[in-house]
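*Asks:* Sequence:
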Amino acid sequence: MTTFKDLFEAQKAYFGTNVTRSHEWRIEQLDRMGRMLAENEARLQQAVAADFKTARQEYVLETFGSIGEVEYQKSQLKEWMEPTPAPVPRFLAKTGHKAVVYREPYGVTLVIGPFNGPLLLLLRPALTALAAGNTCILKLSAAVPASSALLADLVRQYFDPRAVAAVVGGREETTELLKLPFDFIFFTGSTRTGKVVARAAAENLTPVLLELGGQNPALVDETANIPDAAKKIVWGAMAWADSGVRHRAMRTSTSPSQRLSSPKPRKPCSSSTGRTQRATPTIRESSARERSRDLRRSSIPPKSSPAASPILKPVTSTRRSSIPFHGRTRSWRMRCLAQFCRSSRTRHSMKR
Numbered sequence: 318m319t320t321f322k323d324l325f326e327a328q329k330a331y332f333g334t335n336v337t338r339s340h341e342w343r344i345e346q347l348d349r350m351g352r353m354l355a356e357n358e359a360r361l362q363q364a365v366a367a368d369f370k371t372a373r374q375e376y377v378l379e380t381f382g383s384i385g386e387v388e389y390q391k392s393q394l395k396e397w398m399e400p401t402p403a404p405v406p407r408f409l410a411k412t413g414h415k416a417v418v419y420r421e422p423y424g425v426t427l428v429i430g431p432f433n434g435p436l437l438l439l440l441r442p443a444l445t446a447l448a449a450g451n452t453c454i455l456k457l458s459a460a461v462p463a464s465s466a467l468l469a470d471l472v473r474q475y476f477d478p479r480a481v482a483a484v485v486g487g488r489e490e491t492t493e494l495l496k497l498p499f500d501f502i503f504f505t506g507s508t509r510t511g512k513v514v515a516r517a518a519a520e521n522l523t524p525v526l527l528e529l530g531g532q533n534p535a536l537v538d539e540t541a542n543i544p545d546a547a548k549k550i551v552w553g554a555m556a557w558a559d560s561g562v563r564h565r566a567m568r569t570s571t572s573p574s575q576r577l578s579s580p581k582p583r584k585p586c587s588s589s590t591g592r593t594q595r596a597t598p599t600i601r602e603s604s605a606r607e608r609s610r611d612l613r614r615s616s617i618p619p620k621s622s623p624a625a626s627p628i629l630k631p632v633t634s635t636r637r638s639s640i641p642f643h644g645r646t647r648s649w650r651m652r653c654l655a656q657f658c659r660s661s662r663t664r665h666s667m668k669r
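Numbering (my numbering), first residue to last: 318 to 669.
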């Protein structure tokens, strides 16, 4: 049985032959991936449907999106491989020096895919790695057995294991893979697991690209069409919802995770004493009241105004305060008050 280390060493030696740097090799790998997806499209969709009880367009997107990514990578590859001029300091440019950026592949890459995107979120990074001239090891999720088993079998049929290999496993297998000194790591998943991957990559100074899951709140304000908003939110949540014990939820970052709405003000009500209670202000009303109160306070001079001091110039109070920004700070007011007190003591001692 081939171990993870044997796969890694075989791909490392294969990359060392420099065969992966050519344009022909990269196109060949992309063509292999395209044929694998096109010739087995129905089987792949059935496998995804067996793992997820979700809307049909979701597992159709898994195959269509991956095939479209293959065509896009092939159309842009030649331009991406061309050297790019880079700017140099003027004194070097005057002497005829030039700078050029050559994009070189990293080497052996590890692509760790999530369970909620068994094809698209796994194959897109793999296609990027192959188009850049890297070899890759695909880590398939054990949480989707039908999709992972079929994909692992197809990878063995269509690819040289020295170029692309697929392994299936859970936490233990991932831990063993992360011990190997890969040249680049792609990871898509949770923030907690992403931290583990980043720490393991730091041990070998391996560059890593993390695509971590996040929140996708649905915002509903007072101007929204409530029936239409409710219908869309429910559809977005139920399209990836877990509808049975045997089926796993295909939860993605585009699924509404929480609902945020502006608070609705309550109408005034009468208390037991007969007095009318004020309605609780909304966030928008409270903010407006605070801004209006601050504006009124800034336009009224303090009791110990700097204008009463013979040392400082008087400040004219208008509707909008003409005091500069630094004049509204506490330290500025304390200095004015201290000068005013000193001048008052001086005038009092002169009268005596």
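Just so you know, these hints were derived from the structure itself, not from any lab. This structure is a prediction, so every number in the text was calculated from the model and none was measured. Glycine included, every Cβ here is placed at the ideal spot set by N, Cα and C. There may be inaccurate statements among the hints.
[To be verified] Within a straight-line C-alpha distance of at most 20 Å, the following computed DMTMM-like cross-link-like pairs (lysine to aspartate or glutamate) qualify: (1) Lys322 to Glu528; (2) Lys395 to Glu358; (3) Lys512 to Asp538; (4) Lys496 to Glu341; (5) Lys496 to Asp470; (6) Lys496 to Asp323; (7) Lys496 to Glu326; (8) Lys329 to Glu528; (9) Lys496 to Asp538.
[To be verified] Each pair of labels, with its calculated beta carbon distance range: (10) Thr320 to Val405: 25 to 33 Å; (11) Arg516 to Val417: 35 to 43 Å; (12) Thr492 to Trp552: 37 to 45 Å; (13) Met651 to Arg516: 15 to 23 Å; (14) Ser648 to Thr508: 23 to 31 Å; (15) Glu528 to Gly333: 25 to 33 Å.
*Asks:* Please write out, lowest number first, the hints stated earlier that are contradicted by the structure.
*Replies:* 1, 2, 3, 4, 5, 8, 9, 10, 13 and 14
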